[in-house]
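Asker: Listed below, chain by chain, are the residues.
Number of protein chains: 4
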Amino acid sequence: MSGNSFGKLFTVTTFGESHGQALGAIVDGCPPGLSLTEADLQQDLDLRKPGTSRHTTQRREPDEVRILSGVFEGRTTGTPIGLLIENTDQRSKDYSKIKDQFRPAHADYTYMHKYGVRDYRGGGRSSARETAMRVAAGAIARKFLQERLGIRVRGYLSQLGPIVIDRLDWSQVHQNPFFCPDADRLQELEDYMDDLRKEGNSIGARINVVAEGVPPGLGEPVFDRLDADLAHALMSINAVKGVEIGAGFGSVTQKGTEHRDELTPDGFLSNNAGGVLGGISSGQPILASIALKPTSSLRLPGQSIDVHGNPVEVVTTGRHDPCVGIRATPIAEAMMAIVLMDHYLRHRAQNGDVQIDTPDIEKGRSRD
Amino acid sequence: MSGNSFGKLFTVTTFGESHGQALGAIVDGCPPGLSLTEADLQQDLDLRKPGTSRHTTQRREPDEVRILSGVFEGRTTGTPIGLLIENTDQRSKDYSKIKDQFRPAHADYTYMHKYGVRDYRGGGRSSARETAMRVAAGAIARKFLQERLGIRVRGYLSQLGPIVIDRLDWSQVHQNPFFCPDADRLQELEDYMDDLRKEGNSIGARINVVAEGVPPGLGEPVFDRLDADLAHALMSINAVKGVEIGAGFGSVTQKGTEHRDELTPDGFLSNNAGGVLGGISSGQPILASIALKPTSSLRLPGQSIDVHGNPVEVVTTGRHDPCVGIRATPIAEAMMAIVLMDHYLRHRAQNGDVQIDTPDIEKGRSRD
Amino acid sequence: MSGNSFGKLFTVTTFGESHGQALGAIVDGCPPGLSLTEADLQQDLDLRKPGTSRHTTQRREPDEVRILSGVFEGRTTGTPIGLLIENTDQRSKDYSKIKDQFRPAHADYTYMHKYGVRDYRGGGRSSARETAMRVAAGAIARKFLQERLGIRVRGYLSQLGPIVIDRLDWSQVHQNPFFCPDADRLQELEDYMDDLRKEGNSIGARINVVAEGVPPGLGEPVFDRLDADLAHALMSINAVKGVEIGAGFGSVTQKGTEHRDELTPDGFLSNNAGGVLGGISSGQPILASIALKPTSSLRLPGQSIDVHGNPVEVVTTGRHDPCVGIRATPIAEAMMAIVLMDHYLRHRAQNGDVQIDTPDIEKGRSRD
Amino acid sequence: MSGNSFGKLFTVTTFGESHGQALGAIVDGCPPGLSLTEADLQQDLDLRKPGTSRHTTQRREPDEVRILSGVFEGRTTGTPIGLLIENTDQRSKDYSKIKDQFRPAHADYTYMHKYGVRDYRGGGRSSARETAMRVAAGAIARKFLQERLGIRVRGYLSQLGPIVIDRLDWSQVHQNPFFCPDADRLQELEDYMDDLRKEGNSIGARINVVAEGVPPGLGEPVFDRLDADLAHALMSINAVKGVEIGAGFGSVTQKGTEHRDELTPDGFLSNNAGGVLGGISSGQPILASIALKPTSSLRLPGQSIDVHGNPVEVVTTGRHDPCVGIRATPIAEAMMAIVLMDHYLRHRAQNGDVQIDTPDIEKGRSRD
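Chains as they are written, first to last, in my numbering: chain E, 1 to 368; chain P, 1 to 368; chain S, 1 to 368; chain A, 1 to 368.
The hints are simulated quantities; they were obtained by calculation from the structure and are not laboratory data.
Hints may be right or wrong, so weigh each one.
Unchecked claim - Here are the simulated lysine to aspartate or glutamate pairs, DMTMM-like style, with alpha carbons at most 20 Å apart:
#1 P:Lys99 to S:Glu73
#2 A:Lys97 to S:Glu190
#3 E:Lys255 to P:Asp191
#4 A:Lys255 to S:Glu73
#5 S:Lys255 to A:Glu199
#6 P:Lys255 to E:Glu199
#7 P:Lys99 to P:Asp306
#8 S:Lys99 to S:Glu262
#9 A:Lys97 to E:Glu262
#10 A:Lys198 to S:Glu313
#11 P:Lys97 to S:Asp191
#12 S:Lys255 to A:Glu262
#13 A:Lys255 to S:Glu262
#14 A:Lys255 to S:Glu190
#15 E:Lys255 to P:Asp184
#16 A:Lys97 to A:Glu262
#17 P:Lys255 to E:Asp195
#18 S:Lys255 to A:Asp194
#19 S:Lys99 to A:Asp100
#20 A:Lys255 to S:Asp191
#21 S:Lys99 to A:Glu262
#22 P:Lys198 to P:Glu212
#23 A:Lys255 to S:Glu199
#24 S:Lys99 to A:Glu86
#25 E:Lys99 to P:Glu262
#26 E:Lys255 to P:Asp195
#27 S:Lys97 to P:Asp194
#28 S:Lys198 to S:Glu188
#29 P:Lys99 to E:Glu262
#30 A:Lys255 to S:Glu258
Unchecked claim - Covered stretches of chain S, as calculated for chain P (at least 3 residues, CB under 8 Å):
#31 48–60
#32 112–119
#33 196–204
#34 230–240
Unchecked claim - Computed Cβ-Cβ distance ranges for the label pairs, DEER-style:
#35 E:Pro62 to A:Gln43: 31 to 37 Å
#36 S:Arg75 to P:Thr37: 45 to 51 Å
#37 S:Thr88 to P:Thr88: 21 to 27 Å
#38 E:Gly51 to P:Asp46: 56 to 62 Å
#39 A:His308 to S:Gly352: 23 to 29 Å
#40 A:Glu64 to E:Pro62: 22 to 28 Å
Note that CB positions come from ideal geometry on N, CA and C, so glycine has one too.
Hey, can you work out the whole structure from these sequences and the hints?
Answerer: Take a look at the structure:
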């Protein structure tokens, strides 16, 4: 209820601060019988972990996850899965300065107003380090969705600052540190990031996430629509400022004849809906897109105030990501997987094992 | 749990179908002692109700709400507030055709897959008629926020198809049927809508919603961030395909030095954050913007299939809104108010009546 | 969250005060396709309604329920079911006296402390009149359980004050106004109640509730055990002061060899567990027993204080039940049915439609 | 949602199996600013931990708890508190026999039906070992209640098999391994338990729990009554088969004049209500009593079946408690504290920091 849990039937609750002893999560509601090992989670965690290229923070965290419960003889038992990652690289940095300052565009100011106290070391609970547990939990959902239902959730970088990536070649996404689906744009991205680092600045990004193989019928009417839950999940990722489903803000200038995805016996003729109609999946690919703001930890000085209300000049010298969007792809995938898993279980509660095949009609054509 | 409730401490649960007997809601969690009458709710309902201009559906529904419980001698008692609106204009139309067709871009196809049965009359539960109850429930939240905390939630049309409204004059918003904040653009809107109606087509829109006077410290970390809950709430409105907070998708091309809202002892120097940092309110105005797709009920024929998978041509001849965005402003305001109310109660649970004054520093400058 | 909802997947939310305009409920989560009419609910409501014999309150309420949504062409659609009962017999009694008094053992004193205001007419929200909606909602659960799963939930009066009913003849239960399963004891009950009414006093009672045909495997580990949820549900009924499962408080003096229900290939040899082991159903009958306190609305004067703290003598002259236990059987059945329904849906979410047959082994012998 | 969480605003989620790697919990919703160290939790854990006398299981577990998050510089920060206890004494016992058997009155049979798989080592998730995390989490609630509100929660053994403890001397409770409040009965208890151990049998028990200093006004109407939540919490403890509030089952034979707790300006004249009226605290002590069944792990052979349905004779030779009631007192205290903490936060959400003093009137006389 204090906002550290997500999902109603597949529920992920996380704890942990950036520079605390450990991060942890409890995944409650995973059905029994799923084959699961720590390696299954580590695979996804390694995609998010820091320090894998010169374009991300240089904090060295192996992010090694332990499964402490809920798995027996290699299979889930239906009981809650306890996950733990010990923090290993909390440098004994001097925090005396940051302690009394509110860094602009960080949560320092708001946490202080909410709680009256705050763990100021590395952002404490507001640090994106927390998302490691989402990736670990999401890996469980992804495995279930893939193995049991043939649902594949994957994402990619579609824009980095001014650089818009138009071509989508899934085979390229994991071949570079940007999750960029177009190999021809890599040099451009490298150069842009190098310039940015020299400048001491940061930049925003856009990530697209797609779920294929989702059967029609997942979702709820009214408040917990599939797209509303996705918006909740994706907007809850650090630095996200916007969420689109399907045609998104493009719908504003569309006419009805243009937007409506016509159906034929051979499938849908377009996917402006992004795979969701009336809050419920249509069998087409689920399409979501998110905007991530530029990180606010900059070497370039900024104006702010201290806890006493006095003006201060803030310079952030720690280890930070110049583009938080770069490492956001696995996090967005994890959140989409958790939402789909949750809605699959809700669907099963209400309807039992109705045959959720994906007939020809749902194949349709998607935006991608 | 089936998605018909919203809010954890201020909880709104709705029921009702477009052409059923009645719509209803239970508002649970309203603190005792709030002065409340049916007129308080009716005021907001009248802004949303159909048939107020030639640009909206001609269905005649007075949307008269009854308060059935939870109010005694003019004040809330802390017990659940039961609300009821009887449907009066469910025309005894022949639904035999629509019964077997899946209208493109409607929830017909997905409801059928989810439930196996559906109330096909006027869209049943998927109809935007359900939002009347949100407006009624939201009116309670708005009254509490306004009277007790001085928080004002209000919205306006910022774009209708190609027509972008740049000027914001709050005094104009309720002077026209479009919720348009610029009187100089009304003729343009009228003409556009008249052409559209002749054409038999529909168009998308963008609505902005703003909450002023929100004290700093409302929100939760991680999953139930204030902005994530807003995204959930706003994306749950019929036809919404995108949600932005603050700079939104504009953040993608911003550099950190540009995006970060610097602070001075006199306040914030900008509001790219949209009033939320780390998921918690900063004391600046909360800024949200939503994209609404064009309605899919068109006189222009579209391809689809029937329940047997055969191709059909669908023409919708009923009473419909050519731009659902026009009536969406009160709904978006209601949902934002419900989210803020919920987070105010959560804040009070965790922190008690901490002094939530809005010192000078929070005044700052907003985007608007 | 304010305590007016019950159930996580089959969720019942109620509203309404004793002397307000109406009582209502929203039942969210009922699977689609269940045949349902108002008559199905009325049947159970008529068993609970007041004024059916001289031993209950003489308030005349037909308790006629309307189904306002969620049912289409005689079947549930999967959308929320809105229920409404208008109050018809709120006598325009003079409440000026009760308004300022705290009746002993009523909720007057505690509601005043909790809310600061209270609807003092007939107990307001604290009145057992609210349970009418539970019975209506429970009737939906009972119908589903009976038709789809062959589960039968039924209860009976097992003790009224000093009169312990030892014999259980189910065919008698609905043949008398006491829900007494032994016809030979009816005269004794009648006489006792007549004496009590003359005396102006009231008396406690014990009700047993049994669910037969429950498949093994329903329930959750740890906090939401089936028995824990039953305890919650049953203790939430007005006037209930104790809940037992199976051997209940008798277990305190049992040795392990006596308590443990041994199994053979032909079934369990006893049912001290009451059909629940480790929080999960065993396939044996679920056995629960509840204690109801005597009502506190008495003609015999009692000491109390008024809202100003002054001593007063309280005499209750209204229409009241001298033994609230008499009408409690349908309420207890309803609550047990709601719990079982909720756990059935939870089971289906986690395990899908696993074959939940009831093999010979589960038949066993029960306490009854 | 899968039953491993308790509490709506003060939420405890646990994980861990008897013979898994570790037990853990996340406590979400603890207000910021509470002084808290591991020693605060260890104190309560040491009261529950095994092996402290010859009358409990001889498994050697130090139950050393680590606080992994949510506490900074000795104070809670308002973020989730992660707790961890590593298991250290999971003997490499041969489980091949137990693996295929359903021990009578254990959860073996029901877990198998629910999940299809089970961690059979030491009962897995169904083991009372899980309650260690409840005690740790409860210690946080108890500290808050005591320090901030002056509420004291404590319990004692009131019956062990045939031995009823009538005298309540709180100072004795922690002076003996039975939590017995009467020093004169200790020899009797020792002798009884020694005989029982020789016999190879087990016995039931009754525990009373009392909360003093609870302000009036905590609780909710209808479903989440304070007593209903207590019943839920207490019945969720392993081996509990009955819960009473106040006069409990004694109410069945009480007349209204006897049961109703009259009020005078000097306070209540009795406490049959057990401190709860209409689901809301009255300011009197909260009184609850629970029945615990005898453990079913016995050296005396019992009939059962194996997973193939064949008859087997079960003999349990491991380390077990002959009376699980003996170590149940700290668990019951923890659960009551968690419920009160949760309702205190709910109260604060709805009413803010209303002055919750305990005027003279509430002191009253209690049953104890």
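Asker: Hint by hint, say whether it matches the structure.
Answerer: Status of the hints after comparison with the structure:
Pair hint P:Lys99 plus S:Glu73 holds up; C-alpha atoms about 13 Å apart against a cutoff of 20 Å. A hinted pair counts as satisfied when its Cα atoms are at most 20 Å apart, and A:Lys97 with S:Glu190 does not qualify at roughly 58 Å. Of the supplied pair hints, the one linking E:Lys255 and P:Asp191 holds, its CA atoms being roughly 16 Å apart against a limit of 20 Å. Of the pairs offered as hints, the one joining A:Lys255 and S:Glu73 is violated, with about 50 Å between alpha carbons and a cut-off of 20 Å exceeded.
With a C-alpha separation of about 11 Å, the suggested pairing of S:Lys255 with A:Glu199 holds against the 20 Å cut-off. About 11 Å separates the Cα atoms of P:Lys255 and E:Glu199, which keeps this hinted pair within 20 Å; it holds. A threshold of 20 Å between alpha carbons decides the hint, and for P:Lys99 with P:Asp306 the separation of about 9 Å falls inside it, so the pair holds. Of the supplied pair hints, the one linking S:Lys99 and S:Glu262 is violated, its CA atoms being roughly 57 Å apart against a limit of 20 Å.
Under the criterion of a C-alpha separation no larger than 20 Å, the hint pairing A:Lys97 with E:Glu262 is inconsistent with the structure, at around 62 Å. Of the supplied pair hints, the one linking A:Lys198 and S:Glu313 is violated, its CA atoms being roughly 60 Å apart against a limit of 20 Å. Simply put, P:Lys97 and S:Asp191 have alpha-carbon atoms about 65 Å apart, too far for the 20 Å limit, and the pair is violated. Our distance criterion of 20 Å between C-alpha atoms is broken by S:Lys255 and A:Glu262, whose separation comes to about 40 Å.
The hinted pair formed by A:Lys255 and S:Glu262 fails the criterion: a straight-line CA distance of about 40 Å is larger than 20 Å. Proposed proximity of A:Lys255 and S:Glu190 is supported: the alpha carbons are some 16 Å apart, at most 20 Å. Between the alpha carbons of E:Lys255 and P:Asp184 the distance comes to roughly 24 Å, so the proposed pair goes past 20 Å and is violated. Among the hinted pairs, A:Lys97 with A:Glu262 is inconsistent with the structure: their alpha-carbon atoms are about 59 Å apart, more than 20 Å.
For the proposed pair P:Lys255 and E:Asp195, the alpha carbon gap of about 12 Å is at most 20 Å, so the pair holds. Distance check on the hinted pair: S:Lys255 and A:Asp194 sit about 14 Å apart at the alpha-carbon level, within 20 Å; holds. Distance check on the hinted pair: S:Lys99 and A:Asp100 sit about 65 Å apart at the alpha-carbon level, beyond 20 Å; violated. With a CA separation close to 16 Å, the supplied pair A:Lys255 and S:Asp191 stays within the 20 Å bound.
About 18 Å separates the Cα atoms of S:Lys99 and A:Glu262, which keeps this hinted pair within 20 Å; it holds. Our distance criterion of 20 Å between C-alpha atoms is broken by P:Lys198 and P:Glu212, whose separation comes to about 40 Å. The suggested pairing of A:Lys255 with S:Glu199 holds, with an alpha-carbon distance near 11 Å, which does not exceed 20 Å. About 57 Å separates the Cα atoms of S:Lys99 and A:Glu86, which puts this hinted pair outside 20 Å; it is violated.
Note on E:Lys99 and P:Glu262: the hinted pairing holds, with a Cα-Cα distance of about 18 Å set against a maximum of 20 Å. Restraint check: the Cα-Cα separation between E:Lys255 and P:Asp195 comes to about 12 Å, which is no more than 20 Å; the hinted pair holds. At most 20 Å may separate the alpha-carbon atoms for a hinted pair to count; S:Lys97 and P:Asp194 exceed this at roughly 64 Å. Between the alpha carbons of S:Lys198 and S:Glu188 the distance comes to roughly 16 Å, so the proposed pair stays at or under 20 Å and holds.
For the hint linking P:Lys99 to E:Glu262, the alpha-carbon distance of about 18 Å falls within 20 Å, and the restraint holds. Annotation: proposed proximity of A:Lys255 to S:Glu258 is violated, straight-line Cα distance about 35 Å (limit 20 Å). A count of 0 residues in the segment 48–60 of chain S with a Cβ less than 8 Å from any Cβ of chain P is obtained; the coverage claim is therefore unmet, three being the minimum. Using a Cβ-Cβ cut-off of 8 Å, 6 residues of the segment 112–119 of chain S lie near chain P, which meets the minimum of three, so the contact claim holds.
Interface restraint, the segment 196–204 of chain S with chain P: violated (0 residues with C-beta to C-beta distance below 8 Å; minimum three). Given as covered by chain P, the segment 230–240 of chain S fails the check, having 0 residues with a CB less than 8 Å from a CB of that chain where 3 are the minimum. In this structure the hint that E:Pro62 and A:Gln43 lie 31 to 37 Å apart at CB holds, the actual value being about 35 Å. Separation of S:Arg75 from P:Thr37 is about 38 Å and departs from the stated range, judged on CB atoms against 45 to 51 Å.
Checking the proposed 21 to 27 Å range against S:Thr88 and P:Thr88 shows it holds: the Cβ atoms sit about 23 Å from each other. Under the hint 56 to 62 Å, the C-beta atoms of E:Gly51 and P:Asp46, about 59 Å apart, fit the expected range. The supplied range of 23 to 29 Å is met by A:His308 and S:Gly352, whose beta-carbon atoms lie about 24 Å from each other. A beta carbon spacing of about 25 Å between A:Glu64 and E:Pro62 agrees with the range 22 to 28 Å that was offered as a hint.
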